[in-house]
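Colleague: Okay, here's what each chain looks like letter by letter:
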Amino acid sequence: MRKDLLILRRSRLLVGVLVVYPVAIALLIGLAISRGPSKPKVAIVDETPPGQTVQVGSQRVNVSQYAQQLFSQVQAVRVSSRAQAVQEIKAGSVLAAVVIPPDIATRLTSGVTQARLELLYNGDALEQSLVQSQLNSALAEANLGFSEQIQQAAAQAIEVLLKGGNLGILGAPANLVGLSEIPPALHSIIARQPPGPDRTELERIASFADFAAQNLGLSRKVLSTISQPIVVQSTLLHGRRTPLNTFAVVVAVSVSLMFLSVLLAAGGVALEREEHTLARLARGLVSREGLLAEKLLLAAGCAFVVAFAMLAGIGGFVSLDWSRIGEWLIALVFGALAFGALGVAIGALAREVRAASLLAFLLSLPLAFLALVPSGSVARGLYDAIGTISFAFPFKASLQALDAAVNGSSPSIGASLVHLAGLTVLFGVLARVGLRRLE
Amino acid sequence: MNAVLSVCGIAKRYGEREALRDISFDVGPGELVAVVGPNGAGKTTLLSILAGVQRASAGTVTGPGAGRAIGWAPQQPALYSKLSVEENLWLFARLEKAADPEAAVARMLEQTGLSERARERVESLSGGNRQRVNVALGLIADPRALALDEPTSALDPGQRERLWEFVGGLAQKGTSVLFSTHHLSEVRRYASRAIVLADGELLFDGSPDELIAANGGGEQDFESAFVAFLAERGHS
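Quick mapping for you: the protein sequence lines, in order, are chains A and B. Going by the numbering used here, the first residue of the first sequence is number 63, and it counts up by one from there. Going by the numbering used here, the first residue of the second sequence is number 6, and it counts up by one from there.
Be aware that one or more of the hints could be misleading.
[As the list claims (entries may be wrong)] Rough simulated footprint, nothing fancy, chain B against chain A, three-plus residues with beta-carbon under 8 Å:
#1 64-74
#2 242-256
#3 335-341
[Stated by the list, open to error] Take a look, some chain A residues computed to stay more than 12 Å from chain B by CB distance:
#4 Thr-110
#5 Val-141
#6 Gln-176
#7 Asp-272
#8 Leu-432
#9 Ser-474
The hints are simulated quantities; they were obtained by calculation from the structure and are not laboratory data. Idealized CB from N, CA, C, for every residue including glycine.
Looking at chain B on its own, in the form it has when it is part of the complex (with noise of 0.2 Å):
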């Protein structure tokens, strides 16, 4: 497997606390990974490192992904709400230099379903709606690699559902997709492969079944699974 993204001995330090520590994984084409792990356990700040928002204390992240080639959708949909859908993606498609920044828009719309409320303000829209041009957004210059932080917290099930199915087909088009989640259900439904992270330590790197079948296997859920994994390490 030809390595989209390589990331390599990262490590983060605020001052004293460490928040990474001496991560490293591959990801290759089309895999859908999760970054799962308890609060404060360094999910958002490895993705803010591969998404080039804040840099490592130590390490690299290098391949075809890596730098400006990949996506980022944050958290929180990081977003003008006085633009309207197209003016963001418009906006977004030339400062990431898309090659042709008209059709890049035409495309994301098209993708997210959003093209009948392309002139609409981001501020009138729904959080679900809002999302989904959150995650167009990093998109737009079609990256080999995307991260997604958290990118259901603010979805209904419905909502939910629609843009796992945007993401699988994107993962279905050969872009390797990186996103955290507390939604643990999501892991086992949608991901190709999980990570575990607590106190900024890589626990875990395989498949959900993986993980279920080395805490006890059977008929239990991921989540069960996992609470029962970062007990047995110390992790509540």
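For reference, chain A alone in the conformation it holds in the complex (with noise of 0.2 Å):
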């Protein structure tokens, strides 16, 4: 093993790709994970006469506060005409445009018309789609808060009818009398009316107000159901809910970890075959079993260092639970183990360092992104090869024993780790074979 530190020394920039390659990936991915997409840069092209306000009911909203909210998902970009807005996408400084025609507070206000805005863009089918779902998910929330502004006109406009007072509305009469006022005025009237025709109409209509008061009422919790007819409440099946910031952490952790142990465990079997010491060790000199072991050491005790450090790092920017170090700490060895022994089995096969690397990574990548797939986000028989696919290679099992280590996410640490150390075996002994043919 001092030998193979020696030769790691003296391979310093070999030594140095095999750390930062694997962090910056890890970090990549950590970072696409954990944020979301940037605001694309849209031009904003606002027609309607300055000051401009929509009645809803009793109240006045200023269509630029409206323009406002529907611009906050993206960074908008104020032009003064539509032929300047199109000169701005075509020279590429703006992703789309958006025109707010001069109508809008009318078409607003009249309840009968749909007010319109005409969006303008260009790009990439990428860059079409990122637009396009962005709008559509602010004109959703704008929209939103415009229909709560006419709920709660209209919420404003019957607590008045049904209790009376001024509706605030031009040409409305002043002190209206609520319709809840109405029956109990009327029943004593009806009391001291003589029984008769009139007697019996005036019953009538004070059963009716006393009917639609109570409806009218009913109405105003009917306008709130209406205006947001479906609200989430969120409910986790199992395990703590992870933070995706911390889960992105565990994702670049595992990736470093995955990477540097498979690919120094490989790189030192290679080497032994490359420079052709293989067969003078094998000569009874050192056991194969015992080189594999050394070599598996060696790659998961490094990564497991530089993973470490990676994680203790991030610690100082994310919060990470450092009561549960004891568990990371078994989690990372664990991993280690595992991917050293993949990384020993794939230096096996291989007869050059060369490779043994380009194996490794391309084994390495595309298994990682496979533990990633989420359920339900592809078919169903494609899923479960996936699941398969995975279970067969320690990203997964090592992903879930450290989410569980630092996050206290299911399934639980045990599992995984019983998994890791069958996975460790298993490729342990496929290198054994593997060396069985020597130069």
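Relying on the hints, combine the two individually framed chains into one complex.
Modeller: Okay, here's the thing in structure tokens:
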């Protein structure tokens, strides 16, 4: 092992690449997972007269306020005309443009015709899709806000109709009597009326007013249901909820652990073949099992140190539960050993360091991505196939073990550790079989 | 003669293919034995079995020079290129369990004439010097016998000359040396005995002069006699 450490120390470029590359890849993946897409730059052409408002019941909503809400999800660039917006799109300085027509307030106030925005965009399919989805989502959010305001205005009007008062609408009578006040007033009048057709008529009117007052009260609740017909209440079936940023940390550390351990172990074994020293060692100087164990331990040890340093380093920026450090270490050790075993198996099959490294990369990267495919995002049969492949390699088990260790998520760490131990043995045996053929 | 190595009925099979068939011979102390034959004759396989790198499918290798007591230098230098000459020697002195590793390293550096380059990394050495280190590793534990697989294949004439001087010196001190080679002129010049293999069979075991004599003798060189010998037995 001293010899291997010496060789590593003298291969600074290789070690540098081995450490920097996986860490960079891991950070990129972590960043991609933890952060949503950035806001696209969109030009806004506001053709409405300044200060124009939309009348909703007794309330007035400023059009520019609506637009501000609409464009909170994009990086808005104000431009003066439609032509300038087109120019900006063609120049590539903005991804799209939205034109707010001058008649938007009239249309919104009419309550009959829908207001229309004009969207101008360019770019490739990906950019088009990004703009459309961002603006659709912004529009949905703004519409929700707008409908909430309408609902509030309607509820206020109903309240005045029920309890009486001033509607605040131009032309409406002042100090209106409330619908709920009518039945008691009518009943006191009816009590003073002699029996006859007038009294019967008044009793009919009183019972209608009573019924109307009760049902108008119900309509306020109906309005709030219409403004938000579906609300979501989330329940996690098992384990603790894992924040996306700490899961991203787990993914980033697992990727680093995998690359370092697999590449070092594969390279270490392949180097013995490439330098033709394997045959010299195998003539009774070092047993093949001993040689594989030494390479595995060295690779796992280096990967463990780097992965733990990375986890501890990221812990300075992301809130991690340090009381679980014991579990972190166990998960990292088991993961590093399983990846090391996969690495020695690859190294035993390849005859050169370059071939071993390439094979390790070609195998590791897709496995990592496959393990991150969420259920339901692909067809059932394909997901089952992905699950089977992920089960046969250590990335998913290592990810689950580290996730359980860092975030206390499900499945439990014990099951993942047993899985990793099994894979370590399996790949160790494969490596031993691969070393049967020497020079 | 007390044999340092006694090879008896060695056979090697790779599946259906027979690489060696019933090979038997003895090697005495200080003998320089050339193992020659066309490509695929089984020379490397035979030397690998003698060195303990491969297991024979049948037969035995016995004697005081057998097993770990035989030194081995494979055809391609088996060295750690990132380590220095001294570090390579030191590593294998310890692995070969040399009685005094430090003395063994110093002795080999002196014998191979590489003392001045002891601290240089192997990757910076010429092909000739690498081969010298390769042979030195085979000798690090002071073995009774030495198996050299085409030791001069990558060397220029000057380097070959120096290597044979070194190997000849070892034989004079009593080390038995078996070597394979494609440079047939070296056989008559340096070997005391030649073993001819073809298609895994031992066809001849005797001195180079005996092989020449058996094929007409006279002024012809060893190479011509060897080619004629093989052709006569149906191996071109």
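Colleague: Are all C-beta atoms of chain B more than 12 Å from that of A/Leu-432?
Modeller: Nearest chain B Cβ is 36 Å from A/Leu-432, so the label holds.
Colleague: Beyond 12 Å from every chain B Cβ: check whether that's true for A/Ser-474.
Modeller: Fine: 44 Å to the nearest Cβ keeps A/Ser-474 off the interface.
Colleague: Is A/Asp-272 truly not at the interface, in the sense that its beta carbon sits beyond 12 Å from all beta carbons of chain B?
Modeller: holds, 98 Å
Colleague: Just want to verify: A/Gln-176 was marked as not at the interface with chain B; is every Cβ pair farther apart than 12 Å?
Modeller: Holds, since 74 Å exceeds 12 Å.
Colleague: Take the stretch 64-74 of chain A, compare each residue's beta carbon with every beta carbon of chain B, and decide whether three or more fall closer than 8 Å.
Modeller: It holds: at least three residues are needed, and the stretch 64-74 of chain A offers 5 whose Cβ sits within less than 8 Å of chain B.
Colleague: If you look at each residue in the stretch 242-256 of chain A, do at least three have a Cβ nearer than 8 Å to any Cβ of chain B?
Modeller: violated (count 0)
Colleague: In terms of beta carbon proximity below 8 Å, does the stretch 335-341 of chain A have 3 or more residues touching chain B?
Modeller: holds (count 4)
Colleague: Using Cβ atoms and 12 Å as the threshold, tell me whether A/Val-141 really stays out of contact range of chain B.
Modeller: holds, 62 Å
Colleague: Would you assess whether A/Thr-110, listed as outside the interface, keeps its beta-carbon beyond 12 Å of every beta-carbon in chain B?
Modeller: holds, 73 Å
Checked against the numbered hints listed earlier, the structure breaks hint 2 alone; every other hint is satisfied.
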